[in-house]
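Chains as they are written, first to last, in numbering that gives the first Met the number 0: chain G, 0 to 491; chain P, 0 to 130; chain F, 0 to 496; chain U, 0 to 273.
Among the hints, erroneous ones may be present.
What the hints assert, rightly or not - Computed Cβ-Cβ distance ranges for the label pairs, DEER-style:
| hint | chain 1 | residue 1 | chain 2 | residue 2 | range |
| --- | --- | --- | --- | --- | --- |
| 1 | G | Pro-20 | P | Ser-125 | 51 to 57 Å |
| 2 | G | Glu-158 | F | Pro-226 | 38 to 44 Å |
| 3 | F | Pro-458 | G | Leu-454 | 44 to 50 Å |
No lab work stands behind these hints: they were computed from the structure. Every residue, glycine too, gets a C-beta built ideally from N, C-alpha and C.
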Amino acid sequence: METVFSIKPLLAVLVSVAAVPFLIWSRNPNTRETWTFAAAFVKFGIVLSMLPAVLSGTQIVCKVAQVMPGMAIAFRVDALGMLFALVSSSLWIVTSAYSIGYMRGLNEHGQTRYFCFFALALSATIGVAFAANLFTLYLFYEMLSFATYPLVTHHQDQEARSSGRKYLLYIVGTSIGLVLPAMITAYALGGTLEFSTKGFLAGTGSPALLTALLFLFVFGFAKAAVMPLHSWLPAAMVAPTPVSALLHAVAVVKVGVFSVVRVITGVFGVDLLQSLHLSPVLTAVASVTILVGSFVALSQNNLKRLLAFSTIAQLSYIVLGLGLLSPKGMTGGILHIAMHAFGKITLFFCAGAIFVATGKKNISEMVGIGRRMPVTMSAFFLGSLSIIGVPPCGGFISKWYLVTGTLEANQMPILFVLLASSLLNAAYFMPVVYRAFFCTPEEALFENRVQEAPLFCVGPPVITAAISIILLFYPQPFFRLAESAVRAITGG
Amino acid sequence: MSGIVATIIAKYNYWIYICLMMIGLYAMITKRNLIKKIVGMNIFQTAIILFYVSIGAKRGGTIPIIEHAHGGQSHAVEAVHYINPLPHVLMLTAIVVAVATLGVALALAIRIYNRYRTLEEDEILSRIRGS
Amino acid sequence: MSHHFPALLVIAPLLSAFFISGAGWLNRRFCLPLAVASLGVAGLSALSLFWRVVQQGPVLYRLGGWDPPWGIAYAVDFLNAPVLVLICIVALLNLWASHRQVEEQFKEKTGAFYTLYVLMVTGLLGITVTGDAFNLYVLLEIASLSGYGLIAMGEDRAPLATLNYVYMGTIGACFYLLGIGYLYIVTGSLNMADIARILPGLYENKAVLTALIICLVGLWLKMAFFPLHVWLPNAYTFAPVPSAALIAPLMTKVMVYVMIRLMLTVFTPGYVFSTLGINDAVVWFAVIAIVMGAILALGQRDLKKMISYIIVAEVGYMVGGAWLGNRAGMTGAILHIINDALMTLCLFLAVAAITYRMKSYTFSSLKGLIRKMPFTMGAFILGGLSIIGVPPTCGFFSKWYLITGALQAGHYGFMAALLFSSLVNVVLFFRIIEIGFFEPFNEGHGHGEHGPEPMNEAPLSILVPLWIVALGLVVVGVYTSEIITHVLQFAIPKAIL
Amino acid sequence: MKKLGLLLVILSGALLLYATVDFPLWGDPSSPASLHVSPRYIEKTMEETSVPNIVTAVLADYRGFDTMFETTVIFGAGVVCFLLLRVLGGEEGDHYYRHLPTGVTIHVKGAKGKSLSGEFERIDMLWTPYDLVIKTACRIMIPFIQIYALYVIAHGHHSPGGGFQGGVILGASVILLAISQNLRTALRRIGEKTVGILCAIGVFIYAGTGALCLALGRNFLDYAALASVLGTDPVTARSHGILIVETGVGIAVMATMIWIYNNVSSAGRYDEGL
């Protein structure tokens with residue numbers, strides 16, 4: 000495989016950090032937002048400019064500093080990282096627009112701080128996506144934890160405080176308590192932390208030790224919200240909705256899952272996991288999370304909490320896909336990173352738009368809201384279709400591949416898990432949509448008069464919903480990236 | 000048994016000074032009066048000084064000042080005739096340090112007395128808790 | 000001139016101490032420039048020595064022109080060269096940051112304060128650079144005595160805390176002296192290298208064993224190794240901030256350096272780790288130190304005391320790492336001397352800035368501080384992240400080596416203690432951030448732009464050095480590999496694998 | 000606490016005593032301490048430094064660096080006592096005065112002091128000695144003590160003595176004055192500022208000599224470098240160098256002793272001592 004040296008990955012990471020001083024010293028909100036957009040577009044542009052090279056099978060590398068013998072801060076852009084970076088940087092643009100609508104619509108305080116930490120969080124996300132080794136990944140993973148803390152606790156009230164505490168306890172507690180020792184052990188065993196397609200742990204330690212390490216990693220990256228370390232995610236929903244949208248549907252949770260994917264593919268390697276017979280264990284853990292998460296979601300009344308539990312379940316699809324260790328399943332899992340992101344962010348945007356327009360958070364208060372906010376709720380409908388995994392939305396593709404992956408791996412129970420979960424998804428999303436549109440005039444809590452949220456709040460969900468649909472018909476960039484990533488992993 | 004006694008007799012200097020040291024240390028640990036602790040500290044330091052000085056002793060040696068100094072270059076000076084000067088030098092330093100520490104400790108005790116009007120540790124502590 | 004740097008390093012601050020003392024009587028305006036100039040000269044000497052050591056290897060300086068076992072020699076090698084640079088940097092930055100407070104707080108006694116400040120630095124530099132075991136004791140006393148003076152000038156209970164420090168410190172120094180005496184009795188020498196040459200024939204001698212133990216106990220007292228730490232928290236808490244910010248980063252760290260120096264140079268690693276067989280016990284003590292330090296820190300309600308207990312835990316890191324008996328652990332311990340000094344300095348300078356504005360350092364005075372003093376709190380948080388051990392701050396890397404060492408030695412208790420204390424540190428620092436960020440509570444659930452609270456930052460003379468240190472934490476972290484490959488790996492004898 | 004202390008003390012004492020088993024016998028001329036480093040001092044001192052008192056030679060030359068810091072320690076102690084105790088600024092309080100012709104004592108409340116003149120003499124409040132015998136006897140003794148002190152400093156090369164001992168005796172003479180008369184009398188002879196500066200000067204003489212050697216191209220404190228300045232051979236230069244630093248030590252020790260005494264005895268107020 001060809002490798003090219005370029006500082007583009009570093010630039011892509013640093014763009015949003017560099018924007019922070021400008022954000023702070025902007026004299027008025029409009030200049031500040033201009034800078035945010037500028038940074039977001041530049042970032043997306045840089046990421047996009049690397050796409051052709053990556054699609055053609057080239058790897059872009061960039062070594063920043065050698066911090067310890069055999070351990071460097073270094074970036075390497077491969078198909079997997081590219082896919083993730085593309086998703087998060089493109090969604091940053093949309094979210095920035097949405098943030099403006101939401102934050103101004105609610106007249107929130109501390110907006111400068113909000114945009115600054117948002118930018119930092121994006122830097123960290125791209126850093127994780129492009130990390131060439133476990134150390135760099137860990138560095139940006141931690142950076143993301145601390146950068147998102149002020150976002151989660153943005154309201155600065157008692158509830159935010161206790162949620163913030165829970166958030167940090169889970170995220171930082173696991174990364175220090177589980178990932179750090181696991182990483183050091185891996186370094187001691189393998190003598191390196193560099194991701195390689197075959198993994199660097201093969202043939203180093205006893206099976207028991209390696210199994211233990213794998214679980215330290217899987218549970219240690221608690222951002223992936225694998226049960227039982229998931230409960231920070233619903234708690235973190237106290238954050239302003241754009242934060243929940245980008246960070247808890249896209250950046251933070253996906254960083255967790257992405258880290259798990261990297262560990263499975265780059266640290267252990269498929270062959271090693273297969274020889275250790277760990278596939279059933281991984282899939283079992285993921286299945287439990289999927290089912291339990293979906294069941295819990297059923298009983299939620301708060302819309303954002305419902306979405307949070309849905310996210311918990313959906314994240315484990317990705318872990319599940321990787322855990323299948325079959326090419327199709329892995330393609331599905333990786334593709335799900337993108338598909339779920341676009342679907343879920345739509346849902347979050349809609350939830351926020353409803354809150355901005357009506358101040359309602361609970362599903363029981365949204366009966367008949369489709370009459371008042373038809374555009375928003377249509378987008379919501381499309382987003383939920385994508386999550387359930389039915390056409391005409393992109394979620395169908397990833398789920399299709401996951402299902403075929405289970406067949407390929409000959410894991411019938413998993414197939415049932417997937418199908419059951421799809422039904423559950425429908426069971427908790429469809430009533431919301433149904434009652435929003437099809438209720439008797441007596442039941443409706445809203446007047447039959449269209450009154451949408453501000454344009455900046457409604458536009459983004461429409462855009463992302465549209466992208467979701469487009470992805471079904473034109474999944475090419477993501478699909479090709481996922482395929483080439485899997486090719487690299489399986490050595491095909 | 001006789002072996003131990005013989006050792007003690009042959010090295011009784013060390014034994015005495017170590018006992019002295021421990022007396023000082025005991026005072027520092029258990030006494031509740033700040034000045035008594037300072038006294039204990041001084042006993043401890045002095046015992047160490049004596050301990051060092053006794054290292055320098057040499058049977059049959061005299062004080063380390065060369066006799067017939069002027070013109071003394073002619074006759075050979077033999078080490079066995081003079082006791083070891085090094086411990087004395089070192090202990091001059093240690094004495095000075097002990098004096099300096101004593102001065103500082105007393106100054107601190109005065110400050111403490113000015114504030115609490117007592118030098119009993121228990122009373123000071125109860126006064127801190129009371130206020 | 001260049002080969003006189005080892006002497007100049009100590010002489011420049013020493014001579015200036017006398018001038019500062021005189022200037023304190025005649026014209027106080029000259030005190031600060033003199034102190035800065037002398038520390039600057041010392042710093043330059045330290046840097047050029049460091050450079051020379053890296054380029055050409057260890058440097059030996061004969062004071063008075065006498066050869067080592069008879070005269071006193073200064074030996075600069077890979078182990079102490081970085082510590083020397085560190086001491087100068089910390090002293091200079093702290094002087095920069097705290098000169099305003101010193102002049103406000105001490106008025107007529109400014110001269111005396113600076114005299115002791117410079118003397119303290121002289122003592123610490125001397126301890127680090129000397130190659131003579133007894134000379135080390137004398138310099139130790141200089142550093143301690145001036146330290147007592149600097150600490151006792153604090154508020155409220157400072158004299159009492161200092162007197163306790165005097166008792167404990169004197170016992171510690173006396174134990175060290177006694178240990179050197181024991182060594183002298185059996186070897187007849189005071190020069191470290193010379194003793195190390197003679198000792199291999201005497202490993203069976205009980206006096207050598209006892210000497211090592213009492214030296215160690217003495218040093219542990221001085222470095223506040225749990226359970227001998229009781230003097231430290233009060234002394235550092237009630238000390239004036241300018242003194243605390245000098246003593247807290249350096250005193251304990253230099254003592255750890257002395258311990259490592261004794262272990263590596265005087266009593267060779269072979270004796271310390273194999274013949275003696277107390278490794279495990281010491282590491283377990285370190286485990287207790289770390290755990291207890293962390294737990295006690297949790298119970299504190301003011302910044303300085305909290306940091307003091309963190310120091311107690313960090314001393315446990317270093318002692319434990321040094322006694323793991325392998326290369327990674329020793330590297331971690333030495334690296335942590337540098338890192339911990341910088342982290343502690345960062346935290347204490349932040350405390351200095353907070354105290355300067357708020358006139359208090361209890362947790363309750365931190366309310367709303369993130370809004371009021373964002374730059375100070377930013378640096379404080381950076382320091383906190385380093386203590387927690389978040390990459391790329393330097394605290395992460397020393398912790399990495401310490402954990403690797405624990406892993407290699409199979410000492411899982413130590414590893415668990417390190418992780419435990421990291422987690423406790425997360426709680427400690429985020430509790431402060433919570434207070435600074437959330438309190439006083441916004442009643443209206445954050446809706447509506449609040450009237451901008453006035454930003455009331457500390458003066459630049461504190462902020463600039465504070466941020467230099469804070470960024471230094473990251474820089475040192477990123478350059479860890481350089482430090483290790485060019486310096487520290489030569490500091491550790493090949494005998495340690 | 001007592002039992003714990005006793006246990007600790009017994010344990011450490013036992014450890015220390017345990018090691019004496021392997022010590023050489025007391026006074027053994029073939030002990031390592033007597034054989035390894037020290038013989039060279041005894042045998043070479045005369046030819047290398049031309050000082051018959053080996054202790055002085057080792058103190059101020061071979062290990063002169065230690066001694067310099069030792070002087071610094073005492074200087075530091077003086078500064079610490081000053082920093083801790085000295086109360087600067089006007090002292091308001093009660094004073095006692097004695098009317099000299101009649102011996103009547105009067106008590107002035109809230110006076111700033113020194114307002115009464117002529118026939119009145121300020122006296123201490125707690126302790127008011129008026130003993131002609133003591134005063135006169137001390138007055139006679141003090142000059143002799145001081146001359147003796149100078150002798151001890153100067154003759155340190157040939158007999159037990161030197162800067163420390165001489166300095167302490169000099170300091171003691173002034174302290175004797177303060178005790179036999181009162182602190183104010185002593186302060187009139189040698190004031191606070193003088194003491195403080197003398198203290199620094201004393202140590203500076205030592206360190207400065209060392210620095211001079213360095214400036215003259217030799218190592219720090221290598222008195223042989225002074226040969227060119229003093230116009231003697233290097234060995235004699237060492238002897239003279241030792242004398243110079245011993246003088247510095249004497250001044251520093253004297254001044255510090257007085258300084259510490261002044262501060263400690265009057266608790267920093269400098270008006271009434273013991």
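Hints versus structure:
Between Pro-20 of chain G and Ser-125 of chain P the CB atoms are about 56 Å apart, so this pair conforms to the stated range of 51 to 57 Å. One distance hint, 38 to 44 Å for the beta-carbon pair Glu-158 of chain G and Pro-226 of chain F, holds here, with the actual separation near 42 Å. Between Pro-458 of chain F and Leu-454 of chain G the beta carbon distance is about 47 Å. The supplied range of 44 to 50 Å therefore holds.
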